[in-house]
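When we follow the numbering used here, the leftmost residue of the sequence shown carries the number 2, and every step to the right adds one.
Keep in mind that the hints were calculated from the coordinates and are not lab data.
Check the hints yourself; a few may be wrong.
Claimed, not checked - The calculated label-pair distances, taken between Cβ atoms and stated as ranges, are:
{"hint": "1", "residue 1": "Lys14", "residue 2": "Ser36", "range": "31 to 37 Å"}
{"hint": "2", "residue 1": "Asp6", "residue 2": "Leu34", "range": "38 to 44 Å"}
{"hint": "3", "residue 1": "Leu34", "residue 2": "Gly3", "range": "45 to 51 Å"}
{"hint": "4", "residue 1": "His7", "residue 2": "His35", "range": "40 to 46 Å"}
Note that the structure is predicted; figures quoted are calculated from it, not measured.
Note that CB positions come from ideal geometry on N, CA and C, so glycine has one too.
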Amino acid sequence: MGEHDHRMRKRGKIVLIGFLLVAMDCLRRLVRLHS
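Take the sequences, apply the hints, and build the full model.
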């Protein structure tokens, strides 16, 4: 049970990092459009 929870938490962290990378990429595109 504990190992499964740990695996889920690790997967959630990977998803969060991926989401942050996508958000940063979108922000860079917006800045490029405005400038």
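Verification of the supplied hints:
no.: 1; hint: Lys14 <-> Ser36: 31 to 37 Å; verdict: 33 Å, holds
no.: 2; hint: Asp6 <-> Leu34: 38 to 44 Å; verdict: 42 Å, holds
no.: 3; hint: Leu34 <-> Gly3: 45 to 51 Å; verdict: 47 Å, holds
no.: 4; hint: His7 <-> His35: 40 to 46 Å; verdict: 42 Å, holds
Violated hints are absent here; each numbered hint is respected by the structure.
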